[in-house]
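Colleague: Here is what each chain is made of, one letter per residue.
2 protein chains.
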Amino acid sequence: MELAKLTFDERGLIPVVVQQHDTLEVLMVAWMDAEALDRTIESGRAWYWSRSRQVYWMKGETSGHIQEVKEIRYDCDADTLLLFVDQVGVACHTGERTCFFRSLYPVADRDVPATTHDGDNIPLS
Amino acid sequence: MELAKLTFDERGLIPVVVQQHDTLEVLMVAWMDAEALDRTIESGRAWYWSRSRQVYWMKGETSGHIQEVKEIRYDCDADTLLLFVDQVGVACHTGERTCFFRSLYPVADRDVPATTHDGDNIPLS
Numbered sequence: 003m004e005l006a007k008l009t010f011d012e013r014g015l016i017p018v019v020v021q022q023h024d025t026l027e028v029l030m031v032a033w034m035d036a037e038a039l040d041r042t043i044e045s046g047r048a049w050y051w052s053r054s055r056q057v058y059w060m061k062g063e064t065s066g067h068i069q070e071v072k073e074i075r076y077d078c079d080a081d082t083l084l085l086f087v088d089q090v091g092v093a094c095h096t097g098e099r100t101c102f103f104r105s106l107y108p109v110a111d112r113d114v115p116a117t118t119h120d121g122d123n124i125p126l127s
Numbered sequence: 003m004e005l006a007k008l009t010f011d012e013r014g015l016i017p018v019v020v021q022q023h024d025t026l027e028v029l030m031v032a033w034m035d036a037e038a039l040d041r042t043i044e045s046g047r048a049w050y051w052s053r054s055r056q057v058y059w060m061k062g063e064t065s066g067h068i069q070e071v072k073e074i075r076y077d078c079d080a081d082t083l084l085l086f087v088d089q090v091g092v093a094c095h096t097g098e099r100t101c102f103f104r105s106l107y108p109v110a111d112r113d114v115p116a117t118t119h120d121g122d123n124i125p126l127s
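Listed in order, the protein sequences are those of chains A and B.
Each position in the first sequence, counted from 1, maps to that position plus 2 in this note's numbering.
Each position in the second sequence, counted from 1, maps to that position plus 2 in this note's numbering.
No wet-lab data here; the hints were simulated from the structure.
Quick caveat, the model's predicted, so the values are computed rather than measured.
Ideal Cβ placement from N, Cα and C applies to all residues, glycine included.
Honestly, I wouldn't trust all of these hints.
[To be verified] Covered, in the sense of this in silico footprint (three residues per stretch, anywhere, with C-beta under 8 Å from a C-beta of chain B), are these stretches of chain A:
1) 14 to 23
2) 28 to 35
3) 56 to 62
4) 97 to 106
[Claimed, not checked] Label pairs and their computed distance ranges (CB to CB):
5) B:ARG41 / A:ARG13: 25 to 31 Å
6) B:GLY91 / A:THR25: 21 to 27 Å
7) A:LEU26 / B:GLU63: 24 to 30 Å
8) A:GLU12 / B:ASP79: 19 to 25 Å
9) B:GLU63 / A:ARG13: 20 to 26 Å
10) B:GLY91 / A:THR9: 23 to 29 Å
11) B:PHE10 / A:GLY14: 17 to 23 Å
12) B:GLY97 / A:PHE10: 24 to 30 Å
13) A:SER65 / B:VAL57: 38 to 44 Å
14) A:GLY97 / B:GLN56: 36 to 42 Å
15) B:ASP81 / A:ARG41: 22 to 28 Å
16) B:GLY91 / A:GLU63: 41 to 47 Å
One chain only, chain A, in its complex shape (with noise of 0.2 Å):
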């Protein structure tokens, strides 16, 4: 496989923004090697690098909340990939949709879907 234009940081990791392919919601951010790119590629399953545990990890291998990857896109400087995917049952391991689940600002006055846990915000002072 050739990806030589993707850009890999120092530690060879490219950070992931994992997308709902029909209602757009963004699931989660993580990471891949080259590596973990290619299983994803060749398995049509989100494969991520796991920075803490340092092991590769499929997406719902334990949870059966498994990815299926629809497209995958990159940016303008090639260091950031973007993957449509239709995520089976939640992203989130604490049951959450979405990782995204708490506003950091503002705590109201928003237009976009309402968060599940307004009390966890961060209080701004």
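With chain A held as given, fit chain B onto it using these hints.
Modeller: Just chain B now, with coordinates in the frame of chain A:
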């Protein structure tokens, strides 16, 4: 400002996914440190830290393509931010609306909005 719950990396940075608040298109990914986040919250416009130039930059400060910040969310690990913005003009320095305008995989049979530069696809073999 008490943002102690957020986790910045060893460089003092946190990745930021930027999403158009109404269309939910992912526009770009950039980086903030605590000071950039502070400037963003205080001004209501997106400020980032440039890793290559080692300076703060307000998105659109020269192009006029500013980002009005509608909401800031953070993920379950508190180590990634998601900005909902209203992007004036285009997000990408190439003139594209989004920085993610090129598709890596697959190059056809997708049910998401078409990319504009299929000719730039990275060869997979």
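Colleague: Okay, A:LEU26 versus B:GLU63 on CB: inside 24 to 30 Å?
Modeller: Check passed, 28 Å falls within 24 to 30 Å.
Colleague: Can you tell me whether the CB distance of B:GLY91 to A:THR25 sits inside 21 to 27 Å?
Modeller: 26 Å, holds
Colleague: Evaluate the given range 24 to 30 Å for the C-beta pair formed by B:GLY97 and A:PHE10.
Modeller: 26 Å, holds
Colleague: Within 38 to 44 Å: is that where the Cβ-Cβ distance between A:SER65 and B:VAL57 falls?
Modeller: For B:VAL57 against A:SER65, whose Cβ atoms are near 42 Å apart, the range 38 to 44 Å holds.
Colleague: Is 19 to 25 Å respected by the C-beta to C-beta distance linking A:GLU12 and B:ASP79?
Modeller: 21 Å, holds
Colleague: For the range 20 to 26 Å, tell me whether the beta carbons of B:GLU63 and A:ARG13 fit it or not.
Modeller: 31 Å, violated
Colleague: For the region 14 to 23 of chain A, does the count of residues with a C-beta closer than 8 Å to a C-beta of chain B reach 3?
Modeller: holds (count 4)
Colleague: Under a C-beta cut-off of less than 8 Å, do 3 or more residues of the region 28 to 35 of chain A approach chain B closely enough to confirm the stated coverage?
Modeller: Contact hint for the region 28 to 35 of chain A vs chain B: holds, 3 residues under 8 Å.
Colleague: State whether the coverage of the region 56 to 62 of chain A by chain B holds or is violated, taking the criterion as 3 or more residues with Cβ-Cβ distances under 8 Å.
Modeller: violated (count 0)
Colleague: With 22 to 28 Å as the target window, see if B:ASP81 and A:ARG41 comply at their CB atoms.
Modeller: 24 Å, holds
Colleague: Within 23 to 29 Å or not, the Cβ separation of B:GLY91 and A:THR9?
Modeller: Given a distance of about 26 Å, which is inside 23 to 29 Å, the answer is holds.
Colleague: Range first: 25 to 31 Å. Now tell me if the beta carbons of B:ARG41 and A:ARG13 are that far apart.
Modeller: 28 Å, holds
Hints 3, 9 from the earlier list are contradicted by this structure; the remaining hints agree with it.
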